[in-house]
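Once you've looked at the hints, dock chain R against the given chain D.
Those protein sequence lines, which keep their order, are chains D and R.
Our numbering numbers the first residue of the first sequence as 233 and each following residue consecutively.
Our numbering numbers the first residue of the second sequence as 3 and each following residue consecutively.
It is worth saying that the hints were derived from the structure and are not from the lab.
Incorrect hints may have been included.
Derived coverage of chain R by chain D (criterion: at least 3 residues anywhere in the stretch with Cβ under 8 Å from a Cβ of chain D; other residues may be distant) [as the list claims (entries may be wrong)]:
no., segment
1, 36-44
2, 53-63
3, 79-93
4, 135-145
Straight-line Cα separation of at most 30 Å, DSSO-like style, residue types lysine-lysine; simulated pairs [as the list claims (entries may be wrong)]:
no., chain 1, residue 1, chain 2, residue 2
5, R, 116, D, 324
6, D, 257, R, 65
7, R, 254, R, 114
8, D, 302, R, 78
9, R, 124, D, 299
10, R, 254, D, 299
11, D, 274, R, 211
So the derived label-pair ranges between C-beta atoms look like this [as the list claims (entries may be wrong)]:
no., chain 1, residue 1, chain 2, residue 2, range
12, R, 211, D, 242, 44 to 52 Å
13, R, 56, D, 317, 21 to 29 Å
14, D, 317, R, 190, 31 to 39 Å
15, D, 264, R, 5, 48 to 56 Å
16, R, 121, D, 302, 47 to 55 Å
We put the beta carbon where it would ideally sit given N, CA and C, even for glycine.
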Amino acid sequence: MDEEERLKKEKTKKLMEETEKVQNKIEVNDSNFEREVTERSKKVPVVVDFWAEWCKPCLMLAPTLEKLAKEYNGKFALAKVNVDGAQIASQKYGIMSIPNVKLFKDGKVVDEFVGVYPENFIREWLNKNL
Amino acid sequence: MEEYDLMIVGSGPAGLTAAVYAARYKIKTLVIGEQIGGLAAEANEICNFPSYKKISGVELTQKMREQVEDLGIEIKNSLVDSIEKFDSLFLVKTTSEEFKAKKIILTTGTEKRKLGLENENKLLGRGISYCATCDAAFFRNKVVGVVGGSNAALTAALLLSKFANEVYIIYRKDRFFRAEPMWIEEIEKNKKIKPIFNTNIIELRGEDKLEAVKLDNRKELRLDGLFVEIGSVSNSKLSNKLGIELEEGYIKVDKKQKTRIKGVFAAGDITNSPLRQIIVACSQGAVAANSAYEEIRNEAN
Numbered sequence: 233m234d235e236e237e238r239l240k241k242e243k244t245k246k247l248m249e250e251t252e253k254v255q256n257k258i259e260v261n262d263s264n265f266e267r268e269v270t271e272r273s274k275k276v277p278v279v280v281d282f283w284a285e286w287c288k289p290c291l292m293l294a295p296t297l298e299k300l301a302k303e304y305n306g307k308f309a310l311a312k313v314n315v316d317g318a319q320i321a322s323q324k325y326g327i328m329s330i331p332n333v334k335l336f337k338d339g340k341v342v343d344e345f346v347g348v349y350p351e352n353f354i355r356e357w358l359n360k361n362l
Numbered sequence: 003m004e005e006y007d008l009m010i011v012g013s014g015p016a017g018l019t020a021a022v023y024a025a026r027y028k029i030k031t032l033v034i035g036e037q038i039g040g041l042a043a044e045a046n047e048i049c050n051f052p053s054y055k056k057i058s059g060v061e062l063t064q065k066m067r068e069q070v071e072d073l074g075i076e077i078k079n080s081l082v083d084s085i086e087k088f089d090s091l092f093l094v095k096t097t098s099e100e101f102k103a104k105k106i107i108l109t110t111g112t113e114k115r116k117l118g119l120e121n122e123n124k125l126l127g128r129g130i131s132y133c134a135t136c137d138a139a140f141f142r143n144k145v146v147g148v149v150g151g152s153n154a155a156l157t158a159a160l161l162l163s164k165f166a167n168e169v170y171i172i173y174r175k176d177r178f179f180r181a182e183p184m185w186i187e188e189i190e191k192n193k194k195i196k197p198i199f200n201t202n203i204i205e206l207r208g209e210d211k212l213e214a215v216k217l218d219n220r221k222e223l224r225l226d227g228l229f230v231e232i233g234s235v236s237n238s239k240l241s242n243k244l245g246i247e248l249e250e251g252y253i254k255v256d257k258k259q260k261t262r263i264k265g266v267f268a269a270g271d272i273t274n275s276p277l278r279q280i281i282v283a284c285s286q287g288a289v290a291a292n293s294a295y296e297e298i299r300n301e302a303n
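For reference, chain D alone in the conformation it holds in the complex (with noise of 0.2 Å):
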């Protein structure tokens, strides 16, 4: 590899783990799950978001958790686990419709909903979960 790819390659790096860190939001997938999602709950509590590209409704979801995300700034993780490559996670957690939100501390699911809410429903669920 030469410098200036691995330059750039460093600064792509950089870039993204700042993006996550102004948004709180982390991509996950079956590789990453038990790190991103199980094992940093038991530092703070994880919002997941299981969706998929071919879902509209999860489409239509994904803004206003980000939105909340950016708002509440730390005191959640953002995990967007797109089911297409988190086949196994979908299984383990029972996932049979999406969009599907759980909330996870401490390394288990404390809350959970299904389908797109508006945001003051998302924002009480939150404030009475958090």
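What follows is chain R alone, placed relative to chain D:
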């Protein structure tokens, strides 16, 4: 409490178009809706909205939303609990906020009809689904049912047959008389799909997840998933409280989109519209905003 000239309740194509017009009339407006983009945002492909040969519902309604927000109008993503009339003003309440408004445009549209059975809400996401495109892939090698006999029910069954081992269509009529012949033919050819006619579901069984349904012929059918495709109903809860006249469940409006209650207008799928389409909802939204503006202007003089 914040007071507005106009509150638009509902944030689908009708509500968002009304907001665009209201912004240009320079009246103080707030849009408040449960699902920004409305049911239109769930449409896979829209091919009859002039200006786009083909566009997804999410993309089209996102553009509408951006246009409204660029005009400086706020869109709140909340569910309105109640609207009450006090003298010449309306009081609009959500679970956490209250607003006053001179005029109201109701654009709350329709929502998917539910079976209305015990356990239905409890088993949502645990076998019960209202969106086959979203959830079909979770039923690989399983046994599933579809309730209904419309095009939506038949296309859901066809999609499910790509994943599931067996697909039952449970329909209350004796044949698929409402669906397009092309879909019916596909259903008949498909070996995985088995229609059960003249039958209703009377009970959903299962604790942690759906296990079976009881039919009105007393038989039990073991199912891992059940997809409900029995049409839609109008979201008319708010209008009922206001005492607005309905026609077969939909708000009765005149050609200016006025309801029977002065100061309340309605537009889009919630109305007794002859054609429930995005373009029609938009045009009705425009008319409603214009009518509200006229009233506000006349009252100011």
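Are any of the numbered hints broken by this structure? If so, which, sorted upward? Of the numbered hints, 10 and 16 do not hold.
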